[in-house]
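Colleague: Each chain, written out:
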Amino acid sequence: MSLLPLGLLSQGGGAGAAGAFEQIATVFGTGSSGTITFSSIPATYKHLQIRMTPRSNDANATAPVSMTFNSDSGANYASHFLQGYGSGIWSSNATTQTSMSLRSGAANSGVSNVHAPYVVDVLDYASTNKNKTVRTMQGHVLTGSFQVSLISGLWQSTAAVSTVSITTVGSFITASRFTLYGIKG
Amino acid sequence: MPAGVSAWTPVANITLGSAQASVTFSSISGSYRDLVLVMTPATTGYGGGPFLQLNTSGFAFSWTWAEGDGTTPYVNSGSNLDFPINPENSISSAQTVPITVQFLDYISTDKHKHILYRYGAAGQGSGMGTARWPSTAAITTIIITAATGGRTLSAGSTFALYGVSA
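Quick mapping for you: the protein sequence lines, in order, are chains A and B. Reading the first sequence from the start, the letters are residues 1 to 185 in the numbering used here. Reading the second sequence from the start, the letters are residues 1 to 166 in the numbering used here.
Just so you know, these hints were derived from the structure itself, not from any lab. Values in this document were obtained by computation on a predicted structure and should not be read as measured data. Be aware that one or more of the hints could be misleading.
Which chain B residues stay away from chain A? Per the calculated CB distances, all over 10 Å, these [what the hints assert, rightly or not]:
(1) 14
(2) 18
(3) 26
(4) 30
(5) 51
(6) 70
(7) 80
(8) 81
(9) 96
(10) 112
(11) 145
Pair ranges (Cβ atoms, derived) [stated by the list, open to error]:
(12) 59/A to 73/B: 32 to 38 Å
(13) 24/B to 144/A: 46 to 52 Å
(14) 144/A to 73/B: 17 to 23 Å
(15) 27/B to 185/A: 32 to 38 Å
(16) 120/B to 59/A: 20 to 26 Å
(17) 5/B to 33/A: 24 to 30 Å
(18) 29/B to 25/A: 19 to 25 Å
(19) 111/A to 73/B: 22 to 28 Å
Beta carbons are placed, not taken as given, at the ideal position from N, Cα and C, and that holds for glycine.
Please work from the sequences and hints to get the whole structure.
Modeller: In structure tokens, the structure reads:
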């Protein structure tokens, strides 16, 4: 689920006013790469939120999506999953991973025009005395296939997050949208 | 949108002064990338709900949710023209049920609309869900209705719609 800045709304004013929830960057898939990257992220916010609707051109109905920080490919990531799949609930975890799993998004042999929605919160991303924690809500409904997930992620590093990379199997199609927001604190 | 500009904008806010069968946000601006609906409905009687419809277009949602009630996890899935965005119900018309709904890429005309939502009902359960509306039309109308059987959305229920720019 998103980190809803409800307490900030009274400060937000109308569109165009300076606010506590600001867009940093938006990128789209290229159709030829399975990775998108937000780099040189300023440390001027308290939290980050990524809102995205990825779809892969991989031949399967769904494709795994994962995230790394600061180009760290070491086994420094962990995730816990709570997932409903239409007829049951599943829970699991993955530790000492080389990327943070965000479960799976839509892909080429699934239903046309389906993009899996994601809201990803990266808390205290600029801190230099905390390992970084991430909260993600995502899901998709295909023909006879259901997935809704709440995911907690861990990056075992106290470095400030300055680069976020999101990767899938295959390539993100051009309609895949990724927007990075900064939340002031 | 340049950095430093608010990306979160209140679009409309409704507080019911009296019980109603439904609430409608119509003529929703296409100025944003995503919508977020934050609501605290209370309903009279049991039976679940409220239910959600988009654009009154006749496209059936496919949906699933998963929840816990403090003892047991539950899941369900289905397909309906309107779907129960909160399968739990208010214990009374005075008890609201917080629900937050994310409509990502609601203005796109090349994507089915996929929503994410979370809900909770004190004493009943809390959960999460997703639903796909199989249309590439932009969302211009959101309708929240009480469950059938003469039930209503109680006075004091709130419905706030926000636009998220990108």
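Colleague: Go ahead and decide if the range 32 to 38 Å is satisfied by the Cβ distance of residue 27/B to residue 185/A.
Modeller: holds, 35 Å
Colleague: Regarding the assertion that residue 18/B does not contact chain A, is the least Cβ-Cβ distance greater than 10 Å?
Modeller: holds, 26 Å
Colleague: Could one say that the CB atoms of residue 29/B and residue 25/A fall in the range 19 to 25 Å?
Modeller: Since the Cβ atoms of residue 29/B and residue 25/A sit about 23 Å apart, the hinted range of 19 to 25 Å holds.
Colleague: State, for the Cβ atoms of residue 144/A and residue 73/B, whether the hinted interval 17 to 23 Å holds or is violated.
Modeller: Given a distance of about 21 Å, which is inside 17 to 23 Å, the answer is holds.
Colleague: Would the non-interface assignment of residue 145/B survive a Cβ cutoff of 10 Å against chain A?
Modeller: holds, 21 Å
Colleague: Would residue 70/B pass as off the interface with chain A, using Cβ distances and a cut of 10 Å?
Modeller: Nearest chain A Cβ is 14 Å from residue 70/B, so the label holds.
Colleague: With 10 Å as the threshold, tell me whether residue 81/B passes as away from chain A on beta-carbon distances.
Modeller: holds, 15 Å
Colleague: Quick check on a hinted range of 20 to 26 Å for residue 120/B and residue 59/A, using CB atoms only.
Modeller: Violated - the Cβ-Cβ distance for residue 120/B and residue 59/A, about 39 Å, lies outside 20 to 26 Å.
Colleague: Is the nearest CB of chain A more than 10 Å from the CB of residue 112/B?
Modeller: violated, 5 Å
Colleague: Check the non-interface label on residue 51/B: least C-beta distance to chain A beyond 10 Å or not.
Modeller: holds, 17 Å
Colleague: Check the following: the C-beta atoms of residue 111/A and residue 73/B are separated by a distance inside 22 to 28 Å.
Modeller: With a Cβ separation near 27 Å, residue 111/A and residue 73/B satisfy 22 to 28 Å, so the hint holds.
Colleague: Please confirm whether residue 96/B is truly not at the interface, meaning its C-beta sits more than 10 Å away from all C-beta atoms of chain A.
Modeller: At about 15 Å from chain A, residue 96/B clears the 10 Å cut-off, so the statement holds.
Violated hints, in rising order: 10, 13, 16; the structure is consistent with all others.
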